[in-house]
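K.L.:
Here the protein sequences line up with chains A and B, keeping their order. In this text, residue positions in the first sequence follow the working numbering: the first is 5, and each later residue adds one. In this text, residue positions in the second sequence follow the working numbering: the first is 717, and each later residue adds one.
Hints are computed from structural coordinates only; laboratory data are not their basis. Predicted model, so just to flag it, every value in this text is computed and none were measured. In this text, a Cβ means the ideal position worked out from N, Cα and C, and glycines have one as well. It is possible that some hints are incorrect.
[Claimed, not checked] Taking beta-carbon pairs under 8 Å as the criterion, some of the chain B residues facing chain A (in silico):
| hint | residue |
| --- | --- |
| 1 | F728 |
| 2 | G729 |
| 3 | G754 |
| 4 | M804 |
| 5 | L807 |
| 6 | M808 |
| 7 | R812 |
| 8 | L816 |
| 9 | E819 |
| 10 | R821 |
| 11 | G823 |
| 12 | A825 |
| 13 | V828 |
| 14 | L964 |
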Amino acid sequence: MTIAADERVARVGLARRLLIRPELGAVVGLVVVFSFFAAQSPVFRSPSGIANWLDPAATLGIMAVAVALLMIGGEFDLSAGVLTGTSGLILVTLATRFGFNVWLAMLAGLVVALGVGLANGLIVTRTRLPSFIVTLGTFLMLQGVNLGVTKAITGTVQVSGLRTASGFEGASALLAGTVEVGGTSFRVAILWWILVTAVATWVLMRSKAGNWIFAVGGDEQAARAVGVPAARTKIALFMTTAFAAWLVGSILALRYTSVQANIGIGQEFIYIIAAVIGGCLLTGGYGSAIGAAIGAVIFGMADKGIVFLGWDADWFKFFLGAMLLLATLANRLVRRYAEEVRH
Amino acid sequence: MILETRGIGKRFGSVLALRDVSMGVRAGEVTCVLGDNGAGKSTLIKILAGVHQHDAGTLLVDGREVRLTGPRDALDRGIATVYQDLAMIPLMSVWRNFFLGSEPRKGLAFDVARARRVAREELKAMGIDIRDVDQPVGTLSGGERQSVAIARAVHFGARVLILDEPTSALGVKQAGVVLRYIARARDRGLGVVFITHNPHHAYPVGDRFLLLNRGAGMGEYGKADITPQELTSLMSGGAELEELAHELRRE
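Pulled out of the complex, with its shape left as it was, chain A reads as follows:
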């Protein structure tokens, strides 16, 4: 840096620079949770254990990162969880009942998912209704459609048999396969999750669109006043979330080769929780994609760690609630510290 530093800035050391990052709370949580489980369970800290808890972290993480972007942009999407189910159901139904090639069926799922995202975005930006209500409506509608259509076509509440569809091998290898690292097989979804996180972080921190996302979430009126296309930014965010839902829905459908009609219900809050643990403010305008990804890791660790320790899985929910409370408290402290007026 060639810029002469102000003598008052010099006192703001590295510690403060790190402290005002939104993901700080999540990093501390990550270290604490990892240490807790790793100290008690040798399996948890073994490579195969790591592969095991990174897997749920990956599928959750892809969604949490997209939801984090949307939350930074000042909106919620409660339909995101069910939309993973819708995308998966479209994929399996078209491929197994209507003879579609798997790739083509995935493309159809993508079109529908993006359509839902577009509809969410248009309704929210045109009507100015809270996205919480709008997407709660989409959530319920999709939930009904998922069950109703599946029952009408199959007579049951699930579709299966994707394995025999044409194009399954390739699609499965790309989205649901595994990669060997040092003798341990990791799910390929982990790579997708890292890619999504990296792209999202680049967009947020290093692109024009990122500046707009922070702005529409921070103060939409002010953003509009300086020429930010607020509606377009928000619609793009809803469609990004829908894209992530399609990706995750396809990954899960290809992995299990069948989809339950009620899949994804309740997940929408988990995504929001992971994003909040990662430093997103519920009021928008502040947060981080990496933070959300770390939130998802904490989640995966707790999910599997509790099983490794031989505890009842019911404790997971308790843990989740405690994490959420601690994270929001920690984030508030960090933000106050970051924002305190420095004269």
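For chain A, the structure is supplied; the task is to place chain B on it using the hints.
P.N.:
This is chain B only, laid out in the frame that chain A set:
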């Protein structure tokens, strides 16, 4: 004159919000628009900023009659307006706010390094002492925020800067800081329209003074033609003030 109005007026339905106002702004000069609440100050700036269209009189930019089609049109002609609410995002850093909506590009990316550097340089050129362009705007004081908004308008090519009550919400010291930046913008050759209801802020920095009362212009004065006392009494309606003093006197 960069910007001039001749007998300009505006009505909203049956309400005459502004009538027969003539004023002008020269490069390197500060024209103060003074008036009490409801005097028509905001209608006047909204016409100058392109938000409203005048329906009487003429508006001239660089001596040519124009009709501004909107705020964007005004901006393209170099007329920038800094409103009281500033259009800044508190949680975003100074440099992100500085370039919001007009981000410099490097390929596909937002040229972050350049944005930081230019924001710092522009603030420095205006003599604005921001410790750290990475700090959120929410941590700046009111005067500092005004200053950043002014520097932003200057950077994006403003020739005329319209400032809507930039000092009204500020304490004495902060107001002084903002007045200094107004003078600095003037010295850089900008024409400044400074709207205020405080003659004590207007007089030291102003070159010309337009007085508004109940939607009508009460004349434009050069600095040589008027004393601060006259300005104050004209502005508050001297007679009314004397009456008030009389009314409030102890019996």
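K.L.:
Decide, hint by hint, whether the structure agrees.
P.N.:
Status of each hint after checking the structure:
For B/F728, the shortest C-beta to C-beta distance to chain A is roughly 22 Å, which exceeds 8 Å, and the interface hint is violated. Checking B/G729 against chain A by beta carbon gives a least distance of about 26 Å; that is not within 8 Å, so the hint is violated. Annotation: B/G754 was flagged as interfacial toward chain A, and the flag is violated, the nearest CB pair being 24 Å apart, outside 8 Å. This hint holds: B/M804 has a C-beta 6 Å from the nearest C-beta of chain A, less than the 8 Å allowed.
Interface restraint check: B/L807 against chain A, minimum CB-CB distance 5 Å, threshold 8 Å, status holds. Given the 8 Å rule on beta carbons, the hint for B/M808 holds: about 5 Å separates it from the nearest Cβ of chain A. A hinted interface residue such as B/R812 counts as satisfied when its beta carbon comes closer than 8 Å to some beta carbon of chain A; here the least separation is about 6 Å, so the hint holds. Because the smallest distance between the Cβ of B/L816 and any Cβ of chain A comes to about 5 Å, under 8 Å, the interface hint for this residue holds.
The interface hint given for B/E819 holds, since its Cβ lies 4 Å from the closest Cβ of chain A, which is under the 8 Å cut-off. A distance limit of 8 Å between C-beta atoms decides the matter here; for B/R821 the minimum to chain A is near 7 Å, and the interface restraint holds. The beta carbon of B/G823 is not positioned within 8 Å of any beta carbon in chain A (closest approach about 10 Å), and the interface hint is therefore violated. At its closest, the beta carbon of B/A825 sits 5 Å from a beta carbon of chain A; the interface hint therefore holds under the 8 Å criterion.
Interface restraint check: B/V828 against chain A, minimum CB-CB distance 6 Å, threshold 8 Å, status holds. At a threshold of 8 Å, the smallest CB-CB gap from B/L964 to chain A is about 39 Å, leaving the interface hint violated.
The structure fails hints 1, 2, 3, 11 and 14 (numbered hints given earlier, in ascending order).
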